[in-house]
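Engineer: First to last, the sequence lines map onto chains S, X and Y.
All residue numbers for the first sequence refer to the working numbering, where the first residue is 1 and numbers rise by one.
All residue numbers for the second sequence refer to the working numbering, where the first residue is 1 and numbers rise by one.
All residue numbers for the third sequence refer to the working numbering, where the first residue is 1 and numbers rise by one.
If you're looking for bench data, these hints aren't it; they were derived computationally from the structure.
There's no promise every hint is true.
Said to hold, decoys possible - Okay, derived cross-link-like pairs now, DSS-like style, lysine-lysine, Cα gap no bigger than 25 Å in a straight line:
1. Y:K92 <-> S:K34
2. X:K154 <-> X:K115
3. Y:K200 <-> X:K154
4. X:K33 <-> X:K173
5. S:K34 <-> Y:K173
6. X:K200 <-> S:K33
7. X:K115 <-> X:K34
8. S:K200 <-> X:K88
9. S:K33 <-> Y:K173
10. Y:K173 <-> Y:K92
11. Y:K88 <-> X:K154
12. Y:K92 <-> S:K33
13. S:K154 <-> X:K200
14. Y:K34 <-> Y:K115
15. S:K115 <-> S:K34
16. X:K200 <-> Y:K33
17. Y:K173 <-> Y:K115
18. S:K88 <-> S:K33
19. X:K33 <-> Y:K34
20. S:K88 <-> S:K173
21. Y:K115 <-> X:K154
22. S:K33 <-> Y:K88
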Amino acid sequence: MPFFAAKMEILYYIDLLGTVVFAISGALTASAKKLDFFGISAVAFITALGGGTLRDVLLGSTPVGWISQVDYLLMIVLGISVALLFRKYVQKLRRTFFLFDTIGIAVFTVLGLQKALSAGVSPVICIMMGMISAVFGGVIRDVVCNEIPLIFRKEFYAVTCILGGCLYFILLKLGIVGELNVIISCASIVVIRILAVRYKWRMPSF
Amino acid sequence: MPFFAAKMEILYYIDLLGTVVFAISGALTASAKKLDFFGISAVAFITALGGGTLRDVLLGSTPVGWISQVDYLLMIVLGISVALLFRKYVQKLRRTFFLFDTIGIAVFTVLGLQKALSAGVSPVICIMMGMISAVFGGVIRDVVCNEIPLIFRKEFYAVTCILGGCLYFILLKLGIVGELNVIISCASIVVIRILAVRYKWRMPSF
Amino acid sequence: MPFFAAKMEILYYIDLLGTVVFAISGALTASAKKLDFFGISAVAFITALGGGTLRDVLLGSTPVGWISQVDYLLMIVLGISVALLFRKYVQKLRRTFFLFDTIGIAVFTVLGLQKALSAGVSPVICIMMGMISAVFGGVIRDVVCNEIPLIFRKEFYAVTCILGGCLYFILLKLGIVGELNVIISCASIVVIRILAVRYKWRMPSF
């Protein structure tokens, strides 16, 4: 089925793109913290791979994914290079960067959820694992950089992933499976995130 | 053996109660740090499940426990709700809360130790794993909230769990097994902790 | 082959010595942060075992190594005792301490790399795992002590391990295997580190 295969391939490429964008974001954060080249590289790795690594460790599907997938490591090297060589340019492209980051968390969420599903765990855990895949790289990045995690404070970010994960299972119940489900779920995360930023949605604090 | 079964069930319910109390404690800490609703929920989860998760990962008994035990997740949702809805009330009940927290670490220690024992590791490691189950949720909570862990600074807290764990193995040597051992070990942790707080016992610093 | 066996034994003893030195370094850091005796012990454990633990968890070779190797726990107890009893003396011996620490990271790198190699992963991952074994104990120590990791900021430290790991595989390609390779790779890490400190080599920052 070449059509299906082509779509699977698109998902794979978006996953790689997400990895590059997450690595760039990690490298820029580390650079702002005055880390040296090793620190910048380490934080870029942690940001891009931390979420998926935590998911794999919790599920017990070790060795963790990136150990056998050298593509992802190459994407991080690319992300670090882009961040350091074109820093000023990247910082100006905030809007493009935001869009890629959003597409990145959407794909990370759905692929993470599917990995959990194939490990045979319950839907609630799958949704948590999808969210963890997408956002805990950033959480670990902030903890390592000695900050309280940004998304714990004022971003409608993790909840977007949780809503997208819920939609995935609602669609599954409705009989919408495979690629179509993936596309709708990812698109919903992108749309909710754009609306959340556009209209400054916030989680309540107490 | 209904008597035995009834006691096992009590242990299970105390474990659930400990989870609620740890979640409340995490939610209150997060709330004091001005985190939003997602941050509060994440920190409540980390506080309640972090210790047991670390134990399971170190022992290699993955998927980690809570992935297949939805009861514990429900207890955390309950804990978060109680913390946010009855915050002022909960903060006034410091003494009750302290007692529940103490019973919680006692049960977490002994159940954690038993889980390690059933994984076939040595007594010293079992005692460490019991202590890690009980107190490392709080350690990870503090690290994520950008604080040096409280129990590393001035609490006679982890040592209480270690002493209770040692007693468990002494009793085992003396032929006191099963529920009776569990009850005595848990009770000793509760008593030592109450004495430690009452008489302001401190670990030495240098 | 007694000659070979004797050399293997030396590697084992250097590994134990490295563990003592790392525990001392952790205990001194924790002591400077005004932690109490439990905090000092916990940070000493984390510093000495954190890197190898992270490597084992990522590779999925759990239970993690120290759970079945009580020797390493004893070395940490020894390290904590030395740090607390002879603190002033240890702090004066900076040069000796630096040399032991350097030999420690060299052996941790090569043994970590070999453990990854025996798990069947690619050379790039082996080199990463060697470096993680050697330096991430210190990274976790700094994160727990609420500091941005020192080696992310201004030390030519992790890169030394990476260079030593690369040399290991170059020698392997050249047919230099076994003990001879281990000795040359370890020695190169020690020499590079001494040169790096002597001539104040720094990683670039941006």
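Engineer: For every hint, state whether the structure bears it out.
Structural biologist: Status of each hint after checking the structure:
no.	hint	verdict
1	Y:K92 <-> S:K34	31 Å, violated
2	X:K154 <-> X:K115	29 Å, violated
3	Y:K200 <-> X:K154	39 Å, violated
4	X:K33 <-> X:K173	46 Å, violated
5	S:K34 <-> Y:K173	38 Å, violated
6	X:K200 <-> S:K33	40 Å, violated
7	X:K115 <-> X:K34	36 Å, violated
8	S:K200 <-> X:K88	30 Å, violated
9	S:K33 <-> Y:K173	39 Å, violated
10	Y:K173 <-> Y:K92	43 Å, violated
11	Y:K88 <-> X:K154	23 Å, holds
12	Y:K92 <-> S:K33	32 Å, violated
13	S:K154 <-> X:K200	39 Å, violated
14	Y:K34 <-> Y:K115	36 Å, violated
15	S:K115 <-> S:K34	36 Å, violated
16	X:K200 <-> Y:K33	21 Å, holds
17	Y:K173 <-> Y:K115	18 Å, holds
18	S:K88 <-> S:K33	16 Å, holds
19	X:K33 <-> Y:K34	23 Å, holds
20	S:K88 <-> S:K173	47 Å, violated
21	Y:K115 <-> X:K154	38 Å, violated
22	S:K33 <-> Y:K88	33 Å, violated
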